[in-house]
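Novice: For reference, the chains in residue letters:
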Amino acid sequence: MNMMTQTSITDDGRTIGGVQMKVDNISLRFGGVTAIRNASFDIRHGEIRAIIGPNGAGKTSMLNVINGFYHPQDGTITFKGEKRRDMRPHIAATQGIARTFQNVALFKGMTTLDNIMSGRALKMKRNILWQMLYVGPARQEELENRKFVETIIDFLEIPHIRRTPVGKLPYGLQKRVELGRALAMEPELLLLDEPMAGMNVEEKEDMSRFIIDINEEFGTTIALIEHDMGVVMDLSDRVVVLDHGDLIADGTPDEVQKNQDVIDAYLGVAHD
Amino acid sequence: MLYRESGQFKTSYDADQAVFPILQDRLCIIAILAFAFLAVPFFINDYWANAVLIPFLVYSLAALGLNILTGYCGQLSLGTGGFLAVGGYSSFKLMTSFPELDMILVLGGAGVTTALVGLLFGLPSLRIKGFYLAVATLAAQFFLIWLFYKVPWFYNYNATGQINVFPREALGFLVTTQKADPVVRYLFTLSIVVVFALAAKNMVRGRFGRMWMAIRDMDIAAELIGIRPFLMKLTAFTVSSFYIGVAGALIFSVWLGAAESGETYGINESFLVLFMIIVGGLGSILGSFLGAGFIVLMPIGLKNLLVDWFGMSAVFAKHLEITTFGVLIIFFLIVEPHGLARLWQIIKEKLRLWPFPH
Amino acid sequence: MLFFMETVISGLLAGIMYSLVALGFVLIFKASGVFNFSQGVMALFAALTLVGLLSGTVPFTHVDNPSFAIPAWAAIPLTIIVMIIVAILIERFILRHLVNQEHIILFMAMVGLSYVFEGAGDIIWGSDVKVIDLGLPHGAWDWLLDTHGLYIEKIELVAAAAAVVLVVVLAAFFQKTRIGRALRAVADDHQAALSVGISLRYIWIIVWSVAGIVALVTGVVWGAKSGIQFSLSLIALKALPVLILGGFESIPGAIVGGLIIGVGEKLAEVFGGEVIVAIFGRWFEIDPGIFTATENWFAYVLALIFLLFRPQGLFGEKIIERV
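So the protein sequences, as listed, match chains A, B and C.
Just so you know, numbering that gives the first Met the number 0 puts 100 at position 101 of the first sequence, and the rest follows in order with no gaps.
Just so you know, numbering that gives the first Met the number 0 puts 114 at position 115 of the second sequence, and the rest follows in order with no gaps.
Just so you know, numbering that gives the first Met the number 0 puts 88 at position 89 of the third sequence, and the rest follows in order with no gaps.
It should be emphasised that the hints constitute simulated quantities derived from the structure, not laboratory data.
You can trust all of the hints, since none of them are fake.
Below, simulated SDA-like cross-link-like pairs (lysine to any residue); rule was C-alpha separation at most 20 Å, straight line: (1) B:K347 / A:R161; (2) A:K107 / B:R341; (3) A:K124 / A:E185; (4) A:K146 / B:V18.
From a predicted model like this one, the values you see are computed outputs, not experimental measurements.
Only chain A is shown next, with the shape it has when bound in the complex (with noise of 0.2 Å):
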């Protein structure tokens, strides 16, 4: 595959475009420890862009940093044409930058609606007074939104755990409603930090197949962080690679698996 141009169509026949995202020499400390150095490279449109290294490698650090939770102290980030160094989580949320967390981050006294729902919270203006009164447009509103959440629930396969709160709710469908939470957002840029870490076979291939329809059916851009290689290698177009902060290969899943950085990283060679 060219990484020059500027569009260009995979196997499967998804068409992927230009550059959407790009993170130029990006460098995140914590007091004297260093958790991203200098690290650069690029997603594009409608790609499956995957993440991966050993822990610690510093891959939650660098979604913190593209959704604005961490601020960087060196390097900027392009995204959709605006360059910044740092910006407030909810600014990147209405550039279309949504988020699922390695440990759920749903709100667990909430019901899986409201959850849902509650990922619509950009998308409705209706002020507190009409809230109070709810009539009119803010009715009107919360029934559209409603509906629209309505089909994710369908998409997601989970209409008969609408109405139960949360934190009741088993491990690997707390991960989906958070999937649903995030595609509530309509967003651009989806970015899933271990969406299938401690499920089993099935629920991964669930997972897996709802990843892929996400990135179909809407053109949902997708940078996802795994440690499961297998599921790495079949979903993803290109594979970041960080090992203890560093970028260490950038490249399709075949060329990263052959990089010897790479199984050096993995198999543990002494660092000089």
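Since chain A is already given, all that's left is putting chains B and C on it; use the hints.
Specialist: Okay, now just chains B and C, sitting in the frame of chain A:
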């Protein structure tokens, strides 16, 4: 078999989004409202109005307000007494500055004033959380009480330092002072509380409710889906203070008829209202009412029991009452930390299956 | 200048007392995550018990019977035993049932507990104002008055000395003993402490007993100054700004925070009115007397302003949030 939602199919999201989607709930609410509006006025007298019903209603309103802030948005506040005082004193100033003003507008004005003060004292929530914020709200409590006690303008340079209500009308009915008919005072308070409760229900089940709860449950995740925590905390402070302000104004004007900052609106009030929402249920509209009922009625019940039945001396009974109150609170927290509303929910779950065990 | 010095010193001495109360809070918060709102009423209860024993009050009757009076050397250990029994009861009937509850529930339980203490103290010992006499000296410290012209109450110095001794003893207890190490382990991580075989219940009884003893000392020295009565329990409210200033978990924070609040409060009380008039007097007619009786809220505002600039408190470390 009576409480069952099977067979009640919703054919539109509109029907599913109704305030009380289940038929039995709807009937129950209608029955309670009919009783409160139509039956109670026939047997109400001064004692019932002043000692039981009106305090229950105004404290329900205050509990609703605090529940929005603490139960839904997760911001612990110990400044309720201070905000009640703002409501009381601003209603007094409005009443005396504009004698022709309808009581409904007076209450609205008191609510808005308190909302602004609440907004001001909500600003620290930008940087501090949890117990630190709770202690910060105590600053509001003590400062406001001090202000109303120290600055004579607030009580119109009255020699006693106390504020006293004047006869005022709402929609042509006299609702303040002891000259007002208890039925009218009761119905006036009831109407206001019902309207506010409905508005609160609408807020918490809609967009704002979800955003508040998102902040409460996990503020970081909420921010990452585009909710601005600071803004939502401030709206919660503002709306909550509005409710509490109206309640404070009602305490002064309709219920007691007189008030003195430290006496009427002291730190004890803050704890009482907090007890109400915890005993009733955090994050529950129904719970605000149940909690207020429990906390208002318990001392009355205890006093009747100890003094009238067991013939204890009033002083001793008072001390025993305080102790019992504390014991009951602790007992309650241990048995059902999620409050009466949760208990009611469990009963409903059981009713759904009754008479079958599963 | 002399007057200023006097104000600062009496502020420092009052501050030590605040530190003492705050210390009781911090001990319990560190070990059990409980924000013990009842610490103030506990101090009242402990002092009432001691006075009751000293003057031979027959419990529940509120009548003094001098033949039951117990001398101080026996009454003090007896009161300590009572406070330990109270700690055991609290663990048995409250804490044990509220393990792993949310902070707010625990907090409200403690507010409930303070009602119990208040009522129980009144029922057992009566609610009239009591005078405690442990032979603590009263009046001004002559030496300072003669040499420097400073007026400092002896009782305040004694109180300060008691507080300092208590802090040193506690620090040694925490650092040097086996129980102290277990306490610190529990403070760091409940689960981990449990998994290495530290009994949480045992630890709780110990901290609550220690907090009870701190309460006794607090109650006695405050009580000696202003009599033992209900208002003594309000010192709990005094300690709260100290806590937010110093942090809920930091013993040095409690001490330094107490000193800052003590001095700040005294200065505001003495000079606040003048400062306000100096600043705003140009535009408004202000009575300098208006800025009095500020001790209820000034400390809170001071702590609040401080927090806005340093949310983690005096000695807290900045927390890196993770998702």
